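Student: Each chain is listed here by its residues.
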Amino acid sequence: MLPYLFRRLGAGIVLVFLVTGITFALTYTADIPVARNILGPQATDEQIAILNARLGLDKPLWEQYTDWLGGLFHGDLGKSYFSGQDVTDALTSRLPVTLSVVVVAMIITLLASTALGIASAARRGWLDNLLQGISTISFVFPGIILGIALVYVFAIELRWVPATGYTKLADDPRAWFSSVILPAIVLSIGGIAALAAQVRGSLIDELDREYVRTLRARGVSERSLLLKHALRNAAGPALTTFSLQFISIFGAALFVEKIFALPGYGSYAFNATLQGDLPALLGVTVFGVLLVVIVNLLVDLAQGWLNPKARLA
Amino acid sequence: MKFKALARTGAVAVALALALSACTSDGGDSDGGDSEGGNSSGGGTATLNLATGTPPADFRIGAWTGGEAYLFLSVYDTVVSLSPDGEVEPNIAETFEYNADNTELTLHIRDGMTFTDDTPVDAAAVAASLNASKEGVATSGRLASVSGVEATDESTVVVTLSAPDAGLLAALASIAGAVGSPEVLEDESSQLEPVGSGPYTLDQAGTVVGSTYTLQRNGDNWDADSYPFSTVVFQVISDTTAVQNAMLSGQIDYSGLQAGQESLYPEDQFTIGDGAPQAVAGLWLLDRAGTIVPALADVRVRQAINLALDRETIAETLGQGGVVPTNQVMDPRGDAYSEELVDEQSFDLDRAKDLMAEAGYSDGFSVTMPSIQGLTTTFESAFDQQFGEIGIDITWEPITFQDFQARIAARNYPMFFFFNGYAGTDSGDVQANTSAIFNAFDQTTPEFEQLVTTANAAPLDQQDDAFRAVNEYFVDQAWFAPLGYAQGKFVTAKDIVFTPPYITAQTLRPFAPAD
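Sequence order for the protein chains is A and B.
Per our numbering, the very first residue in the first sequence carries number 1; after that it's consecutive.
Per our numbering, the very first residue in the second sequence carries number 1001; after that it's consecutive.
Excised from the complex, chain B in its bound form (with noise of 0.2 Å):
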């Protein structure tokens, strides 16, 4: 009877067993086969798989809020683009030309081009989106140097600017020279099926909002060659452990990877490589005219705190190959970085002691900053012991990350620590340094102002010395203590080739099948 017993429990067991391995055809998928869930190869008809953190939440022209920009630039082609070395390339506009003092750029549209609609890409319909997204939310930051946009004739478009602005054509090659059909522009229908005229189009029935959003290749865009994959198939994964485990079972072929992670994926069924430089982390010190902390407002004390930062030690210990050590807030791979200027400001805590002494703050302050679980955490207890060197006291306050941009733009903190993500061009890391919660306190100086006018107002050949000295004034004046920068890995399945573009996340150029 017990021996019953045992064997009725024994064949529950076996039972819920073979229930699972029933799954086996459907469930990984992993090996092959181009539907959905499981990666294939084979040039035109691939698909390729893979995940998005964020669901996109408005696919309309100057709306676009979502995570990484893939899906919408996929379906929208960008005015210019952006060449795996940070140049920009025609797209949309086949050519342009700056007039002699930067403040007109006009664009000739490239001929024959159509969106998915059957509407044509003309002239009319690039200035109607570039018009959209200087009013829109999400673009018009990245617009505000335009004060005009004209359809000069059929081709051609007059960008008109209120005053130079370097970062104008980056900014087209973004989501904010994204180019829509006319015939939807305004249309509440954009938000979630989108016209364009880029490489893929949206596939409704294979897309459930929030979840999984399919890609079908457009074979009429002008360069569909570009782009191998038939079909691309994004799975909104917010959990990293989530996307960690869909990619070592074949259900995703391209993942970024934590640092300390590699050991996890087999050398014979995946391919780890170095991305490109990410994003810049440090101290913003927010507070230089020193109205809650005195002290930050005398440059010998910001200029201690960099001297004090033993950027080497922290990224070793705590960047677990990540980071790579930095005194320079500018993309490494930028003409406004300096070799030049990295040992400037490095590790010497005995000259540290002397400018606190010197700017009479021998004793030290305090300072309070936000912290955030996962973010700021792992490196507090760095920056208690090297500030507490030269004496900073540090009180960190646990905020959650929903509400840290808030409560830094409402100037609640005179620094913070944070990673700021690479803009694609000099002037945009300036830019992205100097605005918003990175500047909440709205400091600026005329000699910065000064800086960036110049650098703006430069001939092309004379911006890369023009934002250098911008860098150097950044350096110089101590505006930010940075620590390093990120250096991305990424992980592919080995029938997936990744090349790492000059910005993450903009386009599926990069991916192409391994054969």
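So here's chain A without its partners, still in its complex pose (with noise of 0.2 Å):
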């Protein structure tokens, strides 16, 4: 176990270079002027050129990518051109704030889509046919419109949750639910639909197998039957679904923050890319490729607890 977890984290390690430093060159051969950009319109040539020494921008491209990766390898990731935040503290700061979102959004669609799904396959007929239009209508629809109408009624008319801003957990529980609700109820949207009819997929072949004949057979009630066995069989592939809709709700969050003015880690990631924030850039870089590494072992490893043949593949 322990070289198969030494491994995966090695890999991990390689992607965040392979990833730095592809992203590293991208960003420097889009040329963004940040110097004039941080300076604006009426900045002469000579302030912009000072300006640029002092962010380390004449430097060859090879200079500023080892002079980073010295940095990295000392924990530090620089220091935002723009904001002038270390890019660590930002990151620590803000991934709570995107991860309190994307968590309640995969719980809103682990639960809604699993619901869905089981009464999918369970029931079939009309009640079927409803729950699949209402997914395909969910999966088109999109996430932007959504939150607007959202806003809409529940900030602006009711005036039961904030429309922009982030209360901490530990501050004040309620108010951080009120605050993270609408922005997840947006990003869970896509995954609900997607999800759910993979639920219903894998659990509609597990209750056509012979061992499910055999239990009914046996006596085996029916919910039993569905939830303690086929669900058990079913959930592998809807698993892999799952982590799948971790990583694109936690891209979508991008978008979400700026509609909600959340101060997260994808409205750092959209600012830091228009800008061409460099050192903030590849610390959301870094803090992605992890995340999405440790995601992912952790759904292997919940793949493994679930079906045991997973473990020897």
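To be clear, the hints were calculated from the coordinates, so they are not data collected in a lab.
Check each hint, because a few of them may be wrong.
For lysine-lysine, the following DSBU-like pairs were computed, each having C-alpha atoms within a straight-line distance of at most 35 Å [said to hold, decoys possible]:
#1 1489(B) x 258(A)
#2 1134(B) x 59(A)
#3 1494(B) x 168(A)
#4 258(A) x 168(A)
#5 1494(B) x 258(A)
#6 258(A) x 59(A)
Covered stretches of chain B (chain A as the covering partner; in silico rule of three or more C-beta atoms under 8 Å from a C-beta of chain A) [claimed, not checked]:
#7 1210 to 1220
#8 1235 to 1242
#9 1400 to 1406
These numbers were taken from a predicted model, which means no experiment stands behind them.
Beta carbons are placed, not taken as given, at the ideal position from N, Cα and C, and that holds for glycine.
Each of the two chains sits in its own frame; use the hints to bring them together as a complex.
Tutor: What follows is the structure in structure tokens.
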């Protein structure tokens, strides 16, 4: 088990170097005029040259990258060109915001899609058709429209939740929940449809298998048959879809955080990309790659727990 | 059984609605209370909630490069300040005077002021900050005329100029005139933990860098009574729809208003008003030597461009009430702006065609201009149609806003359409329209240099006429083809009063509780 874990983490670290190297090269070749954008339209060429030198942007590409790598080895991701804030501090303060929204969205996705998938597979008939129709609509329905509609109804008209901003869980759990629930619903809509379809399909396959007929013949109750046996066996493919949903939702948080003005990882990544804020962008990349590696690892471990055959593989 | 399934579904929906409704007491927080995220009124203890589009980058003196200067100039006092009418007023400098030839400014520092670290605000501290601003990457341009700053005694600072600069006092009322504690002036900690003597202090506990900035009133500030809010919370919201939602849901108390959006805000909950003119929109005709487009070297062609521009129609149809037509780049509130010039080069297609023919361009010419989504795109078809009438064929080259300034500075375009914010003074407007990207081809003339030198050196009571002469030269030589100026609008919550200042987003003095 341990060698497997080390191997996966080692691959993750190699991935960090590869992806950051590519990000660095792409950003460099994009040639975003960072100093000019920081100083504004009234800046003179001399002021821009001074700021470029101060930020180290006048150095050759390889030197900038090795400087950054040197910092990385010491746990220093550098400072944002635009905010002056330490990138590690920025990301560690922003990641909980995004994870709050993403985790709540994943819980909603998991509960809703499992319920819909089970109901569709077990009942079939009109309920199946209805739920599949709802799933299809939610799959194609743009989340941004839903976000605007939810903000209008619950934040502006009813004033039940804030339209923008974030409250820390530790500061006020109820305010925290109200600040993340709308973005989480927006993020979960597409995922619910995809995962419900996966759960439904896998469950139908399982329910048609011989062991189910055998268990049914032995008098095992339908509820036990469905939830204890078929669902567990159907969970493997659904779990893979679930992990993909996590990555997808994590990526979509980028836009949702902008709509709801959440100070999260996504809005940080969005601004860093637009501004060409290289230290911030590379920090985002490192954190993002590590997060994806860890989530995939956890899903693989969960797969092994659910299905012992997967452990051997 | 089916009923049970439906009932369960209904129960889930009800549970979700209850979960959302459970947020009510904390969520909107819009009807009172001085907690974060809500607004309130009541003088000394009230909280003002504002949004800022760009998080501040660096609070060090000379390094501020954020968007609105609210935050910076709340923490730091400036040497002088600007009144709502744009007049220079005392601030740290209780009195000030120029020598006879305007090359030496003497500042007399107010007694008894201290920074929030208890260091005295004396002449040495002022001189140290001004020297830092003079070297500062964000402010050196505004203090370019300053050749020396010296504290001659404990309460006197002498600023020596290499040449008279009519914009110096306005610069000393801006971020370039901010004064910070000399104890931490060079310290990196000032980047995010500034120490000034301004009306507010940056509350580190209530601040999340890049997201929320909280100010607490500094009761020791000499002018603390002009700042009635005890707490001011800035939320960083870069998305305009999110700003609108925050305003509508009561999370922020004030916002600029885009033209045509007035109807979104119910009259019983919000106050809508006219702000100050903010920026001039128009075409900067950069290539006046004809390097890329030879035709632009001919003043008759530049005048024809102005004559072909139907400003009234464009402002009416595309400006949605937010653009006032003008043919001048100078601030309409300034003394250099001339009502007599307004009819000069007003829409006259026949005259435009005649001038093009006289210049030898009766068949017109082609020109490439940068196209930026959401900024120029609104006006492009109008320009195509109107300039097409005199044979000018425009190719719009799509570029990103991030690349815009660099591509202009690299002389890729002989002319471009943009908005340029008013500087607050006539000298500042002249400088702003003839430097950096607004003069990317480094074009000037001896006549212009002479006019500017004369204006800067003129005694204060004669500067208005002198800068009006510069403005007349701009119009006569058609250096620009202005379209109009953006007349800002604002919206506030009912319990807030906002008095539009001369320059937007400089200080928090314009805000007060309604009661």
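Student: So which of those numbered hints doesn't the model satisfy?
Tutor: none
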